[in-house]
Amino acid sequence: MGIINYAPKILDPIPGGKYVVNAIDYVVNWARANSIWPLTYGTSCCAIEMMSSSMARYDIARFGSEVFRSSPRQADLFILAGTITRRMAPAIQMLWEQIPGPKYVIAMGACTISGGPFIYDNYSVVRGAQNLIPVDVFVPGCPPRPEALFHGLLTLREKILKETCRHPWHEGKPKDVSTMDRYREAAKTWAALEEMKDEAMAEARAKFKEEHPDYKSAYKPVRVKKEDFPEVPRVPFKRFGLTQSELFAKLREKFPKVTVHTHSEDPIEDVVAAIPADRPLEVMVEPEDYLSIVEFVKSSPEFNMDYLIDVTAIDYDDHFDMVTMLRSLEHGHKLFLCVQMKKDFSIPEEKRATSLLASVKSISHLYPGAEVKEREVYDMFGINFEGHPDQRRIFLDKDFVGYPLRKDFTHPQMIRRPV
Amino acid sequence: MPTLPPGFRLQRETNTEEFFINMGPQHPSTHGALRLALRMDGETIVELVPHFGYIHRGMEKQAESMSYLQYIALSDRQDYLTAIQNNLGVVIALEKGMNVGVPEKGEYIRVMLQELGRIASHLVFFGCFGGDLGGQTCLLFGFKEREMIHDILEEVTGSRLTTNFFRPGGSRYDVPETFIPRVKAFLDHLEDSMRDYERFLSKNIIVLERSIGIGVLSKEDAIAYGCSGPVLRASGVNFDVRRVNPYSIYDQFDFDIPVFHNGDCYDRYKIRIAEIHESMKILRQCIDKFPKEGPWRSKEKPVRLPEGRYYSEIETAKGLYATYVVAATTGEKPYRIHTRGPSFPHIAALNKMAQGHKISDLVTIMATLDPVIPEIDR
Ligand code: SF4
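Residue numbers (our numbering), protein chains in the order written: chain U, 1 to 419; chain F, 1 to 378.
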């Protein structure tokens with residue numbers, strides 16, 4: 001459209017040329033504002049509402065935006081539907097750059113406005129799309145209803161209709177990803193403003209009290225009467241497969257060192273028998289025994305633990321608990337193995353945050369599904385898996401510093417949740 | 001690194017060279033921000049490596065500073081196609097810790113909303129499956145009925161998508177009087193339209209050609225990778241948490257667990273259609289037995305869990321959804337909450353299914369796995 005932008009220069013000196021320019025504006029804007037083709041892009045929840053809005057009930061075609069293009073080169077509008085993570089940020093900038101101008105951006109949902117539900121204690125979410133690319137319209141909501149998206153679309157339409165040859169659309173610049181941390185500045189300014197407001201309010205209140213010493217509010221608080229509900233007992237749980245005592249006894253026979261976590265002095269068999277039926281048996285095993293126990297419970301026909309539910313870990317001050325959840329599809333019983341691993345404190349203190357503090361044997365040759373789960377534990381806790389075929393970070397970038405699910409993890413981008 | 005299956009041969013006669021294709025993270029058929037690196041020989045996939053983390057939102061870290069109740073709202077955002085089911089998964093774990101039960105009416109509300117959520121998710125699958133095979137009309141059809149479920153959910157929970165509805169001991173509100181008639185009307189409508197839809201896809205020659213024998217996952221592999229839900233049952237394993245560890249009141253209903261044995265894309269499609277019918281069966285029984293009177297939730301208690309570890313598992317539309325809550329001290333905040341989503345193992349097994357197929361078949365396979373990426377990355 002470059003040539004049209006010269007229209008005012010050429011036509012304005014001619015008598016009546018003004019009207020011709022206005023006419024051109026009218027035609028161009030009419031065309032632009034009535035066929036805004038969005039890019040098929042969605043990362044999470046908001047994308048489903050975006051899809052809903054293009055379907056039969058809401059029918060985005062009424063606004064001329066039904067043609068969702070899969071290629072950015074054919075799109076005009078970038079609806080940012082869904083949370084933006086730091087890992088996705090470069091991809092978003094690249095997509096935006098690939099869309100030919102004039103291009104517009106709608107930030108849909110709380111996540112793309114400010115980070116939404118993921119503001120506090122978060123190390124991976126970008127707090128607002130405006131930190132990456134210029135945004136034209138913000139649509140609040142979590143997720144916004146399709147009607148809200150349409151309102152955003154109409155607002156964008158208004159904006160497009162205001163563009164003229166004399167004030168043409170102008171291309172903004174993508175923001176430098178490294179400056180994404182401007183949120184902290186903004187938060188400081190915000191806090192200062194809040195403080196000022198509080199002071200002003202307090203002053204005003206004091207002044208009001210002085211002027212009206214015996215003022216009484218006519219408002220009486222009403223309390224909604226709470227319904228009374230009965231207490232309901234829990235329904236007993238139907239058990240399948242071996243009971244916890246049986247499982248434990250059989251395991252102990254073979255591996256005498258296994259125990260369960262308890263604070264009481266009772267004999268361990270009684271403790272196991274007292275576990276409610278709806279809770280799986282969680283046995284503590286030594287790291288050295290771990291692999292052989294898993295091999296045993298997988299191959300023994302009595303246990304037959306052929307299904308791996310999950311592998312996860314918990315970080316404590318001086319040790320990790322790694323929990324491997326197994327179940328038997330044939331019998332129906334479950335067994336959780338909890339490996340307690342002492343943290344390796346021989347590593348100097350300043351290096352601990354970035355180094356692997358514990359190590360355990362990998363079970364991914366027994367359960368192929370464990371491969372990704374162990375990668376997740378490695379990524380989040382920094383536990384080394386010996387013999388893992390492909391130990392890489394899974395959710396975070398290669399160069400990410402630290403292991404986020406450790407309790408002492410800090411990240412420059414993290415904002416603590418106010419208590 | 002994953003390697004080639006034994007017996008796999010590159011078709012050297014065609015004289016092609018190996019090359020790499022990057023699919024995603026922004027690609028319409030990866031169902032979200034998933035990146036697949038493909039090693040190709042001509043049009044044949046030699047090896048596939050999924051890269052996760054493009055929508056890793058750090059929910060588990062956040063959960064450590066949240067209260068239990070706040071976390072229920074976060075669980076909506078994991079598998080957002082069936083947010084109502086995730087809510088239940090978290091709430092059951094909390095109930096185990098608090099030792100509260102749910103009155104009969106509350107349980108009926110739970111089961112009905114669960115099954116509505118399952119139908120809603122499977123309808124999205126129906127739409128996306130058709131859409132990915134080139135029939136965009138299916139998308140319109142799938143979402144048409146889904147909107148009706150959204151209406152019901154909105155009336156009951158106040159929100160279309162992110163419901164945040166269940167609470168330990170019951171739910172946030174009672175259902176309105178219109179709930180039962182609406183569900184009934186919806187079921188009558190769905191029965192008719194499902195007949196049409198099945199005629200539309202199930203015997204469609206394009207669907208048959210593109211899905212039978214494609215992406216076969218053997219029974220052994222499905223178990224080894226930890227697949228669950230329709231993907232596992234399409235491979236011939238009869239495993240459904242509603243049957244093997246009944247939660248809520250699922251043991252009081254008469255319904256079947258459909259099991260198919262080929263493990264290919266077509267079976268994974270058929271099984272979901274069959275599950276919609278089973279869900280309708282459960283809903284009809286619920287409507288008949290729905291208690292008019294009686295409390296819908298138990299006595300309200302502060303949500304404080306005693307020290308311990310609590311585990312719950314439920315069957316969502318995608319499979320086994322487990323929540324593992326660790327309470328280090330008695331209190332309102334968890335020490336750690338971990339979620340096991342069903343889609344993660346499915347994508348891990350994708351390499352097994354896609355090897356040796358063409359790249360257009362990969363789109364079909366992805367569609368029948370019906371993954372939700374934010375639930376993998378969390
Ligand atoms: S704004 Fe809410 S619904 Fe939208 S992507 Fe973020 S969390 Fe999901």
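Source of the hints: derived by calculation from the structure; they are not laboratory data.
From the three backbone atoms N, C-alpha and C, an ideal C-beta is built for every residue, glycine too.
Please note that a few of the clues may not be correct.
[Unchecked claim] Straight line, CA to CA, 25 Å or less: simulated SDA-like cross-link-like pairs of lysine to any residue: (1) F:292 with U:407; (2) F:352 with F:131; (3) U:361 with F:221; (4) F:219 with F:255; (5) U:398 with F:27; (6) U:407 with F:299; (7) F:333 with U:192; (8) U:207 with U:194; (9) F:184 with U:56; (10) F:299 with U:295; (11) U:162 with U:67; (12) F:333 with U:391; (13) F:333 with U:351; (14) F:352 with U:391; (15) F:358 with U:71; (16) F:105 with U:227; (17) F:219 with U:332; (18) F:144 with U:142; (19) F:289 with U:234; (20) U:351 with U:406; (21) F:219 with U:417; (22) U:298 with F:307; (23) F:144 with U:59; (24) F:301 with U:277; (25) F:219 with U:306.
[Unchecked claim] If you want the ones that stay clear, here's a sample from chain U, every Cβ over 10 Å from chain F, calculated: (26) 56; (27) 154; (28) 163; (29) 230; (30) 264; (31) 372; (32) 393.
Numbered hints the structure breaks, given as an ascending list: 1, 6, 7, 10, 12, 13, 21, 22, 26, 29, 31 and 32
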